[in-house]
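From first to last, the protein sequence lines stand for chains L and B. Numbering follows the numbering used here, with no gaps: position 7 of the first sequence is 7. Numbering follows the numbering used here, with no gaps: position 17 of the second sequence is 17.
Some hints could be false.
To be verified - The calculated lysine-lysine pairs, modelled on DSS-like cross-linking and capped at a C-alpha distance of 25 Å, are:
| # | chain 1 | residue 1 | chain 2 | residue 2 |
| --- | --- | --- | --- | --- |
| 1 | L | K13 | L | K183 |
| 2 | L | K81 | L | K119 |
| 3 | L | K81 | B | K102 |
| 4 | B | K49 | L | K80 |
| 5 | L | K81 | B | K40 |
| 6 | B | K13 | L | K13 |
| 7 | L | K21 | B | K80 |
| 8 | L | K102 | B | K177 |
| 9 | L | K81 | B | K21 |
| 10 | B | K13 | B | K101 |
| 11 | L | K13 | B | K111 |
| 12 | B | K81 | B | K21 |
| 13 | L | K81 | B | K80 |
| 14 | B | K36 | B | K111 |
| 15 | B | K80 | L | K102 |
| 16 | L | K40 | B | K102 |
| 17 | B | K177 | B | K164 |
| 18 | L | K80 | B | K81 |
| 19 | L | K168 | L | K144 |
| 20 | B | K36 | L | K80 |
| 21 | L | K111 | B | K101 |
| 22 | L | K80 | B | K119 |
| 23 | L | K168 | L | K117 |
| 24 | L | K101 | B | K80 |
I should point out that these hints are in silico values taken from the structure, not numbers from a laboratory. The structure presented is a predicted model; accordingly, all values stated were derived computationally and were not measured.
Protein chains: 2
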Amino acid sequence: MNLLENRILAEGKIFPGNILKVDSFLNHQIDPILIKQMGKEIADHFMNKEVTKIVTIETSGIAIALTTAFELGVPMIFAKKTKGQNMSDSVYVSHVFSYTKKTESTITIDKQYLNSKDKVLIVDDFLATGQALLGLMDICTQAKAEVSGCGIGIEKVFQSGGNKIREKGYDIYSLAKINHFEKDRVVFENE
Amino acid sequence: MNLLENRILAEGKIFPGNILKVDSFLNHQIDPILIKQMGKEIADHFMNKEVTKIVTIETSGIAIALTTAFELGVPMIFAKKTKGQNMSDSVYVSHVFSYTKKTESTITIDKQYLNSKDKVLIVDDFLATGQALLGLMDICTQAKAEVSGCGIGIEKVFQSGGNKIREKGYDIYSLAKINHFEKDRVVFENE
Numbered sequence: 001m002n003l004l005e006n007r008i009l010a011e012g013k014i015f016p017g018n019i020l021k022v023d024s025f026l027n028h029q030i031d032p033i034l035i036k037q038m039g040k041e042i043a044d045h046f047m048n049k050e051v052t053k054i055v056t057i058e059t060s061g062i063a064i065a066l067t068t069a070f071e072l073g074v075p076m077i078f079a080k081k082t083k084g085q086n087m088s089d090s091v092y093v094s095h096v097f098s099y100t101k102k103t104e105s106t107i108t109i110d111k112q113y114l115n116s117k118d119k120v121l122i123v124d125d126f127l128a129t130g131q132a133l134l135g136l137m138d139i140c141t142q143a144k145a146e147v148s149g150c151g152i153g154i155e156k157v158f159q160s161g162g163n164k165i166r167e168k169g170y171d172i173y174s175l176a177k178i179n180h181f182e183k184d185r186v187v188f189e190n191e
Numbered sequence: 001m002n003l004l005e006n007r008i009l010a011e012g013k014i015f016p017g018n019i020l021k022v023d024s025f026l027n028h029q030i031d032p033i034l035i036k037q038m039g040k041e042i043a044d045h046f047m048n049k050e051v052t053k054i055v056t057i058e059t060s061g062i063a064i065a066l067t068t069a070f071e072l073g074v075p076m077i078f079a080k081k082t083k084g085q086n087m088s089d090s091v092y093v094s095h096v097f098s099y100t101k102k103t104e105s106t107i108t109i110d111k112q113y114l115n116s117k118d119k120v121l122i123v124d125d126f127l128a129t130g131q132a133l134l135g136l137m138d139i140c141t142q143a144k145a146e147v148s149g150c151g152i153g154i155e156k157v158f159q160s161g162g163n164k165i166r167e168k169g170y171d172i173y174s175l176a177k178i179n180h181f182e183k184d185r186v187v188f189e190n191e
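Could you put the whole structure together from the sequences, leaning on the hints where they help?
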C-alpha cells in the first residue's frame, strides 16, 4: 500500500453518491510532502516519454501537476474554466460536464502554449467518468499535440472513465485505484 | 534585479487599466523552476516566524503557496471561491471584491483547518488593492489565528493595497514591486 492509499484510508470521507472527500491533504488543505511524492511517482512512470508539457485543469489538479512538472523539468499549463463569454480565437476551447456538480464548464488553453511539437502528459487529482481528461485530450487534439499519457492521483475504477480511455490505447497511470466503497470503507483494486 | 523581475520584463504584457498579464510563466503556463525559487525566497524571509500554515486563495495563488509550504514544511490551505449557496456553519466565510473583474467572490475555509494555535503566512501571486489579502486576514481573525505575514509574487505598489496593510503593522514581503507602468514598460520600485 502506498502513501496516498494510506492517507485515503486514514482521512478520506465517503459521502452519498460515491463521493470521496480528501480535503485534509489534497483538495483544500494540501500536504506538500505527499504532493511532491505523488508528482515524483507520476514523473518516474513517464520518465522516458520525452514529455514537453504537463497539462491539467483548475483548481485541484494544479498542485500535483506542478510537482510532476518540476520532476520532469517542463512547464505546466492549467486549463482555465470560463463562463463561455468573450471567447477569442486565441484559445483552444472544450467542454467538461461534471457529474458531481451537474454543471458544464467551458475550458480553455491559450494557443500560444500548445502546438504540434508538444508531447503532453495530462495530470489530474481525480479520475471518475473521465470527462475532464477527455476535454483536455480534445484540446491536445485541436493543438495537434501528442498525448503521451495521463497521471492521476485517485481513480474511481467503478465509474469506468479510466478504462474506457485505456481501451483507446492511452497509458493512464493512477496512484490509488478505488475498486468500490463498502459502507464507509474504501476498497482498493489491489486488495 | 531578481529572476521574477527579469521574467516580467521579458514576457509580461501590459493591458489597458494597468493590467499585467504573466500567463507565460505564472498564471496559465507555469514555470516550475521559477515558482520553486519564488517559494524559497518567501520561505527564507519568514523562516524564523514559526509559521504553521500557508493560506492562499484559488486559483493562481496555489502554485507559489505550495512551493512556499514545501520549503517551510507546513500544510497549505487554499480558500475556495463559491457562489454563496449552501454555506454551512462548518466554514469561515469572507468576501473579496475583484477590481479587475468587477465581481465579488465569497471565499471559504473549512473550520477544521485553521485555529487559534496557527501562525499563518498568507501567500498570493498578485497584490494590488489588497482585497484578497484582507479577505484571507478576515478569515484568520475569525479563526483566532495569528497572521505572521504575507508573501507576494508581484505587488503593484501604485494601487496602494500593500502599503495600507503595512501601515497596520503587517510584514508584507513582495518579490517584485512595480512602481508604475510607463507606456509599455514595467518600472520597478527599486529602479
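Verification of the hints:
For the hint linking K13(L) to K183(L), the alpha-carbon distance of about 11 Å falls within 25 Å, and the restraint holds. The suggested pairing of K81(L) with K119(L) holds, with an alpha-carbon distance near 23 Å, which does not exceed 25 Å. At most 25 Å may separate the alpha-carbon atoms for a hinted pair to count; K81(L) and K102(B) meet this at roughly 18 Å. The suggested pairing of K49(B) with K80(L) is violated, with an alpha-carbon distance near 35 Å, which exceeds 25 Å.
Taking the CA atoms of K81(L) and K40(B), the gap is near 29 Å; set against the 25 Å cutoff, the hint is violated. For the hint linking K13(B) to K13(L), the alpha-carbon distance of about 44 Å lies beyond 25 Å, and the restraint is violated. With a CA separation close to 15 Å, the supplied pair K21(L) and K80(B) stays within the 25 Å bound. Among the hinted pairs, K102(L) with K177(B) is inconsistent with the structure: their alpha-carbon atoms are about 42 Å apart, more than 25 Å.
For the given pair, K81(L) sits about 17 Å from K21(B) by alpha-carbon distance, which is consistent with the 25 Å threshold. With a C-alpha separation of about 18 Å, the suggested pairing of K13(B) with K101(B) holds against the 25 Å cut-off. The suggested pairing of K13(L) with K111(B) holds, with an alpha-carbon distance near 16 Å, which does not exceed 25 Å. The hinted pair formed by K81(B) and K21(B) meets the criterion: a straight-line CA distance of about 21 Å does not exceed 25 Å.
Under the criterion of a C-alpha separation no larger than 25 Å, the hint pairing K81(L) with K80(B) is consistent with the structure, at around 15 Å. For the suggested pair K36(B) and K111(B), the alpha carbons sit about 29 Å apart, so the restraint of at most 25 Å is broken. Restraint check: the Cα-Cα separation between K80(B) and K102(L) comes to about 19 Å, which is no more than 25 Å; the hinted pair holds. Proximity of K40(L) to K102(B) is assessed by CA-CA distance (about 39 Å); at most 25 Å being required, the pair is judged violated.
The suggested pairing of K177(B) with K164(B) holds, with an alpha-carbon distance near 15 Å, which does not exceed 25 Å. Among the hinted pairs, K80(L) with K81(B) is consistent with the structure: their alpha-carbon atoms are about 15 Å apart, no more than 25 Å. Note on K168(L) and K144(L): the hinted pairing holds, with a Cα-Cα distance of about 17 Å set against a maximum of 25 Å. Distance restraint check for K36(B) and K80(L): the Cα-Cα separation of roughly 22 Å lies within the 25 Å cut-off, and the hinted pair is therefore satisfied.
Annotation: proposed proximity of K111(L) to K101(B) holds, straight-line Cα distance about 23 Å (limit 25 Å). Between K80(L) and K119(B), the direct Cα distance comes to roughly 32 Å. Violation of the 25 Å bound is thereby established for this hinted pair. Distance restraint check for K168(L) and K117(L): the Cα-Cα separation of roughly 22 Å lies within the 25 Å cut-off, and the hinted pair is therefore satisfied. As the CA atoms of K101(L) and K80(B) are separated by approximately 15 Å, the hinted pair is consistent with the 25 Å bound.
Violation of the numbered hints given earlier is confined to hints 4, 5, 6, 8, 14, 16, 22; the remaining hints are satisfied by the structure.
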